[in-house]
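2 protein chains.
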Amino acid sequence: MNNLLIDVLDGKKVDRPPVWLMRQAGRYMPEYMEVRRKVTFLELCKNPELAAKVTHQPVDILGVDAAILFSDILIPVEPMGVKLDFDPAPVISNPVRTQKDVDRLTILEPYKDVPFVVETVKLLVKDLNVPLIGFSGAPFTLACYMVEGGGSKNFIEIKRMMHNDYKSFSTLMEKLTISTIKYLQAQIDNGCPVVQIFDTWAGILSPCEYAEMVLPFVNILVDNLKNAHVVYFAKDSATFYKYISNLKCSCIGVDWKIELDEADMQLGTGKFVLQGNMDPVILFTNREKIMNIAKLIVDKGKSLKGHIFNLGHGILPNTPVENVKYLVELIKNGCQ
Amino acid sequence: MNNLLIDVLDGKKVDRPPVWLMRQAGRYMPEYMEVRRKVTFLELCKNPELAAKVTHQPVDILGVDAAILFSDILIPVEPMGVKLDFDPAPVISNPVRTQKDVDRLTILEPYKDVPFVVETVKLLVKDLNVPLIGFSGAPFTLACYMVEGGGSKNFIEIKRMMHNDYKSFSTLMEKLTISTIKYLQAQIDNGCPVVQIFDTWAGILSPCEYAEMVLPFVNILVDNLKNAHVVYFAKDSATFYKYISNLKCSCIGVDWKIELDEADMQLGTGKFVLQGNMDPVILFTNREKIMNIAKLIVDKGKSLKGHIFNLGHGILPNTPVENVKYLVELIKNGCQ
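Residue numbers (the working numbering), protein chains in the order written: chain Z, 2 to 337; chain V, 2 to 337.
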């Protein structure tokens with residue numbers, strides 16, 4: 002069993018940073034596309050054998066130090082009462098806009114509502130030789146999708162709800178927080194020693210909005226998870242780090258918009274293990290650049306409490322697989 | 002003549018911050034739409050009488066303390082040798098990808114290539130009773146559009162050029178920097194006492210990429226402009242402020258992702274007048290929220306060297322006009 006990821010999260014000294022890559026199972030990989038051709042994206046997420054298979058692929062093909070459950074952040078919100086489809090971007094045909102819309106949403110009961118996720122976790126932990134990372138969207142990011150009805154450019158609907166109807170917004174956030182606690186705890190209880198919370202859309206807010214209306218729910222979420230390390234990843238949120246510094250989790254995911262040492266300083270020196278932070282577009286350049294930038298990141302990582310090498314966001318479609326393999330090898334060889 | 006904007010930029014003490022709003026002339030305003038219905042967007046930009054008319058509208062209708070030349074940041078790059086259209090987003094059908102593509106680009110000669118811009122400025126300064134702000138895109142933001150061939154989600158092409166073919170990238174940046182100096186100086190020489198440089202896409206980069214490959218050109222640009230105040234606005238770039246702090250300009254535009262006092266600290270306390278920073282989406286909420294948030298911003302502005310009230314990005318289409326009017330009145334009345 003390769004336990005490097007857990008060692009770093011436990012605060013142990015290690016010889017090199019563990020490496021895994023957000024969206025390491027995905028469209029850039031031919032073996033994934035082969036599985037994907039036979040089923041829709043939602044079918045893939047809901048089929049434990051296939052979901053386990055694509056979760057396993059990057060461990061076998063790239064040799065990363067962790068697997069991350071293959072799923073979509075919107076999977077747990079569908080049974081709460083929204084109509085979800087992928088086109089290929091997520092579309093919610095009954096967006097949540099009013100108190101009535103919020104009231105009709107139910108709390109997720111993972112063993113009843115998303116048994117396939119629990120099943121996938123069980124299948125994976127049986128034979129993986131690396132830790133399995135569970136994950137969910139953060140309450141605010143899930144709320145964005147539910148209120149906007151999908152992705153968004155300017156996030157007018159969610160911000161309008163936050164400011165014009167805080168009661169509906171906070172009730173929605175409460176329901177999502179409780180559901181997310183249950184969802185992540187089910188993943189943990191079935192074998193995930195680490196869970197990552199993706200707050201992809203936190204960065205659309207002002208520091209004040211984030212600190213007052215979003216972070217309190219992240220705090221509740223993190224405080225209520227037991228028996229696992231928690232990684233919190235809020236994209237485009239470096240200006241919120243002074244608030245995030247009080248979060249009771251093991252690790253903060255960092256995007257490429259800030260250097261790791263600077264991020265550490267703003268989060269409270271040595272308080273968190275940091276994960277990141279190569280721009281995924283660097284994988285479209287060339288080996289020399291990949292090596293130079295990886296080296297810089299690994300060097301900055303040495304001054305931290307602990308460092309998990311990752312990208313600053315998910316691998317992009319059409320990323321050259323050979324560059325991804327090269328990067329993983331590089332980190333495993335100590336950037337030699 | 003209302004000279005409040007210039008007074009603040011000159012470092013004078015004033016009773017209230019001057020207010021103008023990015024994209025204050027635009028689709029949200031019925032009077033603009035009436036002009037726009039008769040011509041295409043490009044025709045409007047190239048017609049001095051009509052461009053002057055829509056530049057004037059927000060001064061008359063909203064009562065803002067400054068006018069900003071109506072144009073598009075891509076207007077000066079078209080005569081350099083790219084085929085530009087709006088659909089309604091900008092599309093460049095011959096994107097710049099190779100050294101050969103860069104070599105065929107010419108340097109802008111504003112009096113010959115965009116005489117209509119000079120003419121619009123001349124028409125406006127004759128009868129405006131507020132300062133006219135000239136503007137251009139920053140070299141990097143213009144390069145993004147030219148290399149990507151329009152807007153982009155992940156900016157793979159421009160980053161690939163930066164890392165795989167720096168010679169082409171830097172030659173492109175040089176040509177854009179020289180062209181932008183000429184373009185802005187022509188606006189200044191014909192009557193703009195202030196110019197704003199929009200670096201809309203700077204925020205896609207890492208701090209290292211920005212500091213090494215982009216900022217040097219912004220420095221050259223700013224250092225070569227004479228006889229005007231320069232405002233530099235780089236969106237999503239709060240993590241670059243320690244580098245931006247050495248820029249020799251009067252004012253930095255700030256988006257809503259960082260508080261004004263925090264921005265001031267990171268830019269070097271009291272070094273710059275700051276402009277900003279209300280999230281344009283707040284104009285979709287309600288009067289009470291608009292007042293509360295405007296008050297907070299104005300209060301933070303009082304601790305600065307100088308403060309120009311503005312949004313943190315352009316006014317969005319469909320923004321309720323009555324809320325825009327309310328905001329401008331509010332700032333002019335000292336948030337009473």
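Where hints are given, some of them may not hold.
[What the hints assert, rightly or not] Calculated Cβ distances over 12 angstroms to all of chain V for the following chain Z residues:
1. ASN95
2. ASP128
3. ARG161
4. TYR211
5. ASN225
6. MET279
7. LEU317
8. GLY335
9. GLN337
[Unchecked claim] With a Cα cut of at most 27 angstroms, we get these calculated DSS-like pairs of lysine-lysine:
10. V/LYS236 to Z/LYS243
11. V/LYS236 to Z/LYS154
12. V/LYS243 to Z/LYS306
[Stated by the list, open to error] A partial selection of chain Z residues facing chain V, derived with a Cβ cut-off under 7 angstroms:
13. VAL119
14. GLY151
15. SER153
16. SER169
17. SER171
18. SER207
19. THR240
20. TRP257
21. LYS258
22. ILE259
23. GLU260
24. ASP280
25. VAL282
26. SER304
Please keep in mind that the hints were generated in silico from the structure rather than gathered at the bench.
Beta carbons are placed, not taken as given, at the ideal position from N, Cα and C, and that holds for glycine.
Q.
Tell me the hint numbers this structure goes against, listed in increasing order.
A. Structure breaks hints 3, 4, 6, 7, 13, 14, 15, 16, 17, 26.
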